[in-house]
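Chemist: The residues making up each chain are set out below.
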Amino acid sequence: MKYLHLIWAALFRRKTRTILTLVSIVAAFLLFGLLDAVRISFAEAGKSANGAERLQVGARLSFIQPLPQGLGAQIAQVPGVRDVAHANWFGGAYQDPHNQIFTFAVSPNYFDVYPEVEVDPEQRKAFDANLNGILVGEVIMKKYGWKIGDKLPLQSQIFPNKEGSKNWNFDIMGVMKSKDNKAFQSQMIVLHWKNFDETTPYNHGSVGWYIVRVNDVNDSDRVARAIDAISANSDHETKTMTEQAATANWIKQLADIGLIVTSIMGAVFFTLVLLTGNTMMQAVRERTSELAVLKTIGFSNGSVLAMVLAESVLLLVLGGVIGLGLVSLISMALPALSGGMITHTSVGAKSWSLGLALAIAIGVVIGALPAMRAMRLNIVDALAGR
Amino acid sequence: MANLVEIRNVSKVYERGKQKVEVLHHIELDIAQGDFLALMGPSGSGKTTLLNLIGGLDSPTDGSLSVGGTRIDNLGQGALAKWRASNVGFIFQFYNLLPMLSAQKNVELPLLLTRLNAAQRKKNAGVALQLVGLADRVSHKPTELSGGQQQRVAIARAIVSDPTLLVCDEPTGDLDRQSAEDVLGLLQTLNKSHGKTIVMVTHDPKAAEYARHTLHLDKGTLVEQVAHA
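Taken in order, these protein sequences are the chains called A and B.
For the first sequence, the working numbering assigns the number 690 to the initial residue and increments by one for each residue that follows.
For the second sequence, the working numbering assigns the number -2 to the initial residue and increments by one for each residue that follows.
It is possible that part of the hints are untrue.
According to the in silico footprint, chain A covers these stretches of chain B (three or more CB under 8 Å from chain A) [said to hold, decoys possible]:
#1 78 to 87
#2 95 to 109
Examples of chain A residues toward chain B, derived with CB under 7 Å [to be verified]:
#3 LYS691
#4 ALA698
#5 ARG702
#6 VAL962
#7 LEU964
#8 GLU979
#9 GLY987
#10 SER989
#11 ILE1068
Note that these hints are calculated values from the structure, not bench results.
Note that the structure is predicted; figures quoted are calculated from it, not measured.
Every residue gets a Cβ at the ideal spot worked out from N, C-alpha and C, and that includes glycine.
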């Protein structure tokens, strides 16, 4: 610690260069924090205490293949099954095809399997009474400034209505809330499955997937096997998995978020190593005579090595902390900015630990070469300017 | 008076590529405790090499070199660094202060290698700066000081850990006459009043007159010794 002022002074010996380097490090860690928030958001989709006791039953062949409505009653007979609900993908876009909002057509008992989703009883009653009604997630409601009672035009990506148009009109009857907007329903819209089924000529008594709540989480594997056994060797074989696995599977079909994030970060940090490494080499080369003076007055080779290494680690940690700190501030606005796609609203302990570990590791890597050079410095040659 | 430095049959050979250059030839020299010795000679005569050997910055190729009873020619790099920290103070021609540190922090540098705490380091550095007449410049950076003042800060840094031996390489080479006389007067005071043994390399005969003796080197050999009044 007594060398800290010396390391700090050496670091800011050339303020402009150090600040510019620091800015590039901050930018890299800002990107790391934001991409990590995206990765965690996708990785945690479907994870919740209630999610653990939910199973999703979809077609084995493909998640777009529908299942017969009658299967629901058979699933309900499986020992260990508490509730069975069903849903269909609707895929709504508001005003512009780019404003995609997750929209599902759901069975009347849908909220029985999602007890974490809160709907005001009066609003729920109004929704149940209006076949053309919808419930809107709180985040979406705030984002677009909608009010209960508003007429909402939504464009389905796939399903036409009775007139053959993909433009549907709904009545907003209530708001879906959840604690800290953790449930994905806070960022989506639900409509009556009956309305969907009766209105679109594309759907006649079939459902997209079933959601099953089990009595005992530890019994999930057996229940899943029993459900899949019902449709074995039929034209609608099912694949039952936990909600978390199903969500991960679905996201994987969209894109391998983890691989994309890792690839981008790999490229960013590789560039950072080259850039900052070059700066550190230059900084140490400029200080050759000063380092020689330190060795002259008795600083050991090890001390000089440690000081240069500490300098580069300090630079990286400083940039990392500022970058991740900025992500913490920005992430408060992320759910709104991402239209609800990113729900992860803070930089967690894991991200901080990973970020700091990366900062230290990169600091050691970029500091190693100049530190070795400083350690091996020959005092007589360095003082003579050779 | 007992010898502080004893040099026996010391030679120094540098290898420059395939060439071997013998810079010092079989030097025999004793420097008494409390002496103030000036080393003079033409460029390339080996005076700075000899100074570097005495200060433990370099090791001889042959011969033995003892300072204060310690054979420093046998010490490894780590041990030599420790030995320098507690026994030698260095003063260079171009001051070699760290530009980003204040005068006081520069003077404190050797004390970072001791067990003194921050308050004690600050106090000792303050005393050393007072001794060289710069008590009112403690917070100034080197760029805010004149050449003479910078050299006095360097002297304060050299004496702050109370070494027995001061080695000075052209300490007045970059100074005007007045500043040079101030610095040489200060070195003389440190020698006479504080008992510091000083070995100084210089080209300037007037600077050498401040020393008790002058040794002349030529082509790596001691050729003449002059005692001053």
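Chemist: Against this structure, judge whether each hint is valid.
Modeler: How the hints compare with the structure:
1. 78 to 87: Since three or more residues must qualify, the claim that chain A covers the region 78 to 87 of chain B holds, with 6 doing so at under 8 Å.
2. 95 to 109: Satisfied; 8 residues make the cut.
3. LYS691: Since the shortest Cβ distance to chain B is 6 Å, the answer is holds.
4. ALA698: Hint holds; ALA698 of chain A Cβ to chain B Cβ min 4 Å, cut 7 Å.
5. ARG702: Status holds, d = 5 Å.
6. VAL962: 26 Å, violated
7. LEU964: Violated, about 23 Å.
8. GLU979: Constraint on GLU979 of chain A satisfied, holds at 5 Å.
9. GLY987: Hint holds; GLY987 of chain A Cβ to chain B Cβ min 3 Å, cut 7 Å.
10. SER989: Status holds, d = 5 Å.
11. ILE1068: 5 Å, holds
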